[in-house]
Amino acid sequence: MSGAPSARFGALALAIVLPLAVLGAGWSALGRPDGATGKALAMDRELLEAGPPDVVVLGSSLARTNVDLDVLASELGIPRRRIALLTLPNATAAHWYAILENRVFASGYRPRLVIMVGALTTMVTPEVLMDTNGERLVNLLSDDEPVIAAKVFKSRGPYEFALLSLRERAGLLRDRLVEGWRDVALAGLFLGRSERQAGSRLAQRANETVFADDAMEYGLHDAQPTGLYVGEVEQIDLTGLDIARDSLIPDIATLATAHQAHAVFVRTPFPPSNADNDRVPPEVERITSDVMADSGAFYVDLRGLNLGDTYFRDMRHMSVEGAALFTRALARTLVDADLMAGGGGWSAHGVRPSAVTRTLRATEGWVLQSDGGCGWSAPAGALASLTDGALDALGATGALPVRVEAGGVALRWRASAGRDGTCEPGFGVTDGRLWVVTASGGVASATGRAPHVQVGAPTVSWILDGPVTRPGDAPPVWWVYPGSSLDLRFDDPWGHAPEAFTARLLGDLAGPGAASSVRVTVFDQRVPLTQDGGRLWADFKPPAAPVDRPWTVHIEVAAGGPFLLLRNVAIGASPYNSHVIGLPESLSGASARLVGGRQEDTQVVSTFSVAPPAITQPGAPRQAPRGTAVWSLPAFSSFADGPDQKASHVDSCSPLRVFEDGVMLDHAHFTCLDMATLKDGRSCHAGDALFFSASDASNPLTNGRTYSVGLDPDRICERRTQVQNTTPLRDSLWIYPGDRVEVVLPPEQLRAFLRGADLLEVAADPFLAKAGARLHVELRAGGALVHEEDIEAQAGGEREFRRRVLSPALPPRLEDVRVVLSNPDPHAYWLWVMGALSESSPFTETSAPGVASEGERPVEAPTFAPGEADRVAVGPSLFDDPRPVDGVRPPDSVTRAGDPPSNHTGSVTVRGGVAEVRLPSLWVVSNAALAQRGLGWVSPVRVRVGDRDLRPAGSRRALADPACLDACFAHLGESVTFPTARQGVVDDVSVSLSPDVPMVAPHGERVTWAYPGTTTTLTWTVPWTEPGAYIDVHLTELRGDRMAGQGRPTLRMGDVERIFQPGEAWSAARVYLGAPAPGPIVIEVIVPQDSALSMLRDVVLVDGDRRWTLLPDPAAQAVRVEN
Amino acid sequence: MTFVQVEFLGFMLIVLTLYWGFQLLGHEPLRSRTFALGKLFGQSGEAWERRHDDLPRKLQNIMLWIASNLFYGWVHPWFLILLYISATVDYFAARAIEGNPQHKRWLLGVSMASNLTMLGFFKYWNFFVENFSAALGSLGVHPDLFVLHVLLPVGISFYTFQTMSYTIDVYRGQLKARTNYIDYALYVSFFPQLVAGPIERASALLPQVERKRHFDLDRFLMGFGLALWGGFKKVVIADTLAPYVDEIFMTKHPAFIMVLAAGFAFGVQMLADFAAYTDIARGVARMLGFELMENFNRPYSALSTPEFWRKWHISLSSWVGDYVYTPLLRTGKPSWWRTVGAIMITFFCVGLWHGAAWNFILLGLYNGFWMVFYTFVTPLVPRRLRENLPAQFLAWVFHTLVVLQPTGLLFREHSLTRVWQHLNQPWFSASEEERIAAGIVMAMAVLGTLPINLSYWVEDHILPRIRSSPWFLPVLTTFWSLEILAIFVFYRDGANDFIYFQF
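Note that the protein sequences, when read in sequence, are chains A and B.
Residue numbers are given in our numbering: position 24 of the first sequence equals residue 144, and the series is strictly consecutive.
Residue numbers are given in our numbering: position 41 of the second sequence equals residue 51, and the series is strictly consecutive.
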């Protein structure tokens, strides 16, 4: 670098000035953020598109992978779109607070539930852990953030905001540059023009398909930590942290509570091989739990879920199967804890309506029955019209708007109470009188002694201050009785343009009285009502924009008018925006699903008129590995089970069966590997091949028997039945050539069509069908043919779907309605995947998705997806193992030696009709404590009063059931309670641990408890195993403050003993089986006297590449019994 | 600590200030003041002069040695133990070899054995155990073998080779054993090149350690520019490409065209990443007055495998050439099978050096195969054809697409099953979305190659013209400011480590 001095001086000056100019220009170009950017914008968009959420899930990537939103929605009974998942990578409590404050609540959303999923450390720490997290946080903040400033940025000063903002802007610029190049290049490459937006759409397409979550395996990313640089996340150090003062837990809880939401902190499990990931000192855990409880938040620690490494896609994030299991456990905990209470129809976006409650003065005219019945009766007045039959006709069985209490205990509705001679407690309406039988009346009569006259009559009240729940899954309904009104007031939480406002209402009228007695006003404007049969509809858009707040929907029934049963009230910018009462679906009227639904939906009777047609035999089978045989059936490959086949959407659908000497081998749909081991007449249809084994494990080619291929006579396309004893779902039906199938609609579903049924839907998949093959559909009502048509297969064999409007509609209260499908084609097979008869909504769904064609009204896109959502919804219980297992071998026997410890016998005092036994040492196995850990309702505590064993009840609510009086108990928290009619002191109460081995809990979970001082012996018969096979046993030790024994459980098999290695969530031990063919396997689990109370969890046999679940036996868990 | 951490900037500021600050001790008036101080203590003027003359260098070396230990032991100080075991064994082994020439063979053996044992234990033990267990498992035996649960010490392959080269050179009589442990330790632990090379020979680096270094502004600025350019390549090119490449390799079943595109992009990413490290190392060393060897010389312009390895990771290929290939070739009578054997063994070592996994072993053997191929086939091609431009282009296309592509795949995929899955699928079948995905990655790869190729062009055509102009300085500083701006915009906290750290 040489030259003249002046040039050198000039160059030097430029060498300083030019870079400064460049850097200055860069600085000003990046500037300060001007509002929400990046992730914050994405969150706003997500919230806006989904509409007001009922549930908000916050967290890091753990929440994104571990929470299965479909499962959560299904278990909580809310539409999927009502759940908003707002996550940020590596987010901590500071981000959750900021999102809640500035994205959710500030936007006017009022969710019922705010669920925060993560590690305990991320809940507790006020730090943001890494710089990029700080940028993301800054992005979510408003100008005034006292909590964040005090707790998160306390030691860093305001300059950090500026720097982090700048970094965030720089990141956005980087993304814009890179993605801009990408999009322009893509558009040029694929569309031949340089248009960024078109390229962006292409990139989005690729992202949604090629890089969709289920197409990725994140564990394949092999970026290794090198140790030179401690990753990107700081180690979380909770030492010296005053959790109550420093953490954001109280702030989040307060924020949620102030907006009428429950805050729920969910601690997620990590794989056993990474269990230390979220290890904190016990006192931190205890203090955190206390802080949450004190703040009004709910803490759910789900590390107790027995999730092995196979449930995780990497060292932190769950696989799809793990997420489903985790979410189900979480949802059930939320439901059990009543956190979704408030009525299934509540939208809870600050739109809780005010309600009018009146008490009927029904104390006059009570007569105590002295003969021909028992209990009390009084004139029923207007109630007389609400007989059982009337309620049944409304499809509202059990939803009587009356509450009768006697002695503080609510009585159950029994139509014939007082008149059937049983004198069981309850109440009913018969012959214009209200009959009430109290518990004491019933007892007196049953024992033959003189009736005990109770002082004072029962209390009878009308329920109008909330929804009336109905049995089963039916959504709650609301009543407006004659002479009363209901006001629903709203504060316009959505900020919609007033002219967009819509209100819709659907209700049923019961009892005498004219529909004109019903008056509905919105913004003081009269809403025109449409009456159709017994049904009342309203669809209202105010002609003038309402200005005043709050808005009020007023529903009134004049005295002498009918009872109005409100099924659905929806308000908002569209009918689906906010359902104040009922579910969105109920606006569409009733629907009866014939085929293609959950098991409980398909209470249909299907009959087949003919035997399955014979199929061409494929010739002699060939030898297959391990003494099995195989046929090649290329013609039927499209029927095969498996992911590549057409029928795979409904899992194990293959209708092919193997017949041995003319007798069908019925273990179909097994994996080929599985049937090669279990050679007891199993078959596996994969691709072209149909593998099978002989019923007695002999070689099919040499045992002298005749084998043939045929079609399944049951024709049911089942859920995969690899797990023994699970109940198949009747998803779809095969209709073979020449078949005629008749499906009868269940009468109770027919009764739900108050306006009649006018929509028939049928969907079917053609197999082996040439274009033009037909499926004939008939709808018959009362013996007459109402509708018929042919469904024609198109070239390509895609699914055929027909939606037909029946005109005229089938009248209500028909008794005999059947749908008949017949397949006249001698070669085509049809799989009937969906059939439904519905009562359509009279509303014009201009905004609803779906394709309309001539003669068909536009309705929502079909929602049938047999084998997909349904599988999740009706999946087996919590402990079901969705991992690929080769089979389940329940134990031959389970016995226990030794007595359960320390029975409690003594007396308790009854207060308010409830007896309570304090059991502080057993709180850790109380149902509430177990449910919080996702372990189900499996408290081993049993209660005996006198010589009667009380039945365990799931919840405190269940105890209110009159049938529970002196019959049930609940173990919740530190005490056991049971309702009793006795007074004063009950002195013959004994509390013990269940002697049953194993034990079935109130919700159907089957567990094997291993008590201190006992030995549990389990025996299995296993024919043979590979060398090196082993058994893993997991048990969960329930250690509380008062149950901290130091003894370690031991696993023994023969001479081999293993001490259970303690883990964070469960203890594990492994024994190798040694030589092949060990005969019966007997293992003993010995729990010393000074050990904790333990629950025997997973027991698995790993045999070479195969894996067998030995415990839990899923048979007892397939059905969840609701209380 | 790594070069792309913010902490490194502070670290360098302190190091440079102290380092060049010590040189002031050699200048008047400090020099005369300390001279007077020496006389007070009764030192003769000449003795003090002699000692003082070397004082700045000694202080600089001590300071650099401490700084290197801080740099390397920043997160895991225990890594230093291994480093010094290796260095100390070789230090004493070299001195013993020089002092006892009659025992030098077994002394060398002790040195080699200790180095290779340490390397083998920390780098290859788990690989050995896993494969041994799998082999026994197939026989029905399931032994409970000891598995290491520690991080692989960073740079172990680099510094082990470096200390081994010192001992071997002393053994061969090409180098004198050093007596000053600090100087020697600084040679081993010199922080710019310690963790990812270049693998400097003692004969090149030790003399620089032992010689006085003077501050030269031009040289300092050139070093700064080189380091900045390395930072640009790492942050702007390699780390921007990384997520796109990773995404493809995280896809369960990527179509062949996607793998092809990802392989191409990974090639660009790897070059940018590794060359970035070398540039930063060389730039930082230059700012400290040291010159490190070039490690990359436009490797993707190579027409053949031998040429590629002359241009790619030059310090490694020359190391194995000198210490593995040449000795193997000279241990007996020359023959074609000895050449083949030597090549294959050498490249087996190269593969194994990269990592304890079958893909790396296969990578080595694969390259060995092409080395053999080119070694024997090239002489058969007429010279005229070899110098023909179209023929050279065809050779380049063949080498780049057919020979190099699978190398990238073997380098990136650690499971041979995955490699087989990629290759064993229809090559020309892809959905439109898959082609778009491949297009995205290709677009990014092309974007990544632009600055690299531009730099080659500037280096060849622009720099020679303007280097001597006085206006070169403003051009340079403006370019640096643009680089700084780009690094700031593209920098991510979650950026990847340098790829070669894992070796």
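Just so you know, not all the hints are guaranteed correct.
[Unchecked claim] The following residues of chain A were derived to be distant from chain B, with all beta-carbon distances above 12 Å:
1. L309
2. Q651
3. G1033
4. V1034
[What the hints assert, rightly or not] Pulled from the structure, derived: some chain B residues nowhere near chain A, Cβ distances all over 12 Å:
5. L34
6. K68
7. M122
8. M128
9. R182
10. L270
11. P316
12. A405
13. N434
14. Q435
15. L486
16. F498
[As the list claims (entries may be wrong)] A partial selection of chain B residues facing chain A, derived with a Cβ cut-off under 8 Å:
17. L69
18. E257
19. I446
20. A447
21. I494
In case anyone wonders, no lab produced these hints; they're calculated from the structure.
Just so it is clear, the structure is predicted and the values come from calculations on it, not from any experiment.
Don't be surprised by glycine CBs; every beta carbon is placed ideally from N, CA and C.
- request: Beyond 12 Å from every chain B Cβ: check whether that's true for A/L309.
  value: About 5 Å separates A/L309 from the closest Cβ of chain B, which leaves it inside 12 Å; violated.
12 Å cut-off, C-beta based - A/G1033 kept clear of every residue in chain B: Given a closest Cβ separation of 60 Å, the condition holds.
query: Beyond 12 Å from chain A, beta-carbon-wise, is B/R182?
result: Label holds. Min Cβ-Cβ 33 Å, cutoff 12 Å.
Reported absence of B/Q435 from the contact zone with chain A (all CB gaps over 12 Å): holds, 15 Å
- prompt: Does the nearest C-beta of chain A fall within a distance shorter than 8 Å of the C-beta of B/L69?
  reply: violated, 27 Å
Least C-beta distance between B/A405 and chain A, which was stated to exceed 12 Å: Nearest chain A Cβ is 28 Å from B/A405, so the label holds.
field: Restraint check, 8 Å cut-off on beta carbons, for B/I446 near chain A
entry: holds, 4 Å
- prompt: Is the Cβ of B/P316 farther than 12 Å from every Cβ of chain A?
  reply: About 30 Å separates B/P316 from the closest Cβ of chain A, which puts it past 12 Å; holds.
query: With 8 Å as the cut and Cβ atoms as the points, is B/A447 at the interface with chain A?
result: Since the shortest Cβ distance to chain A is 4 Å, the answer is holds.
message: Minimum C-beta separation from B/L34 to chain A exceeding 12 Å: can you confirm that?
response: holds, 24 Å
- request: Over 12 Å to the closest beta carbon of chain A is the bar; see if B/N434 clears it.
  value: holds, 17 Å
- prompt: Beyond 12 Å from every Cβ of chain B: is that where the Cβ of A/V1034 lies?
  reply: Since the minimum Cβ distance to chain B is about 55 Å, A/V1034 lies beyond 12 Å and the statement holds.
When each numbered hint is compared with the structure, violations occur for hints 1, 15, 16, 17.
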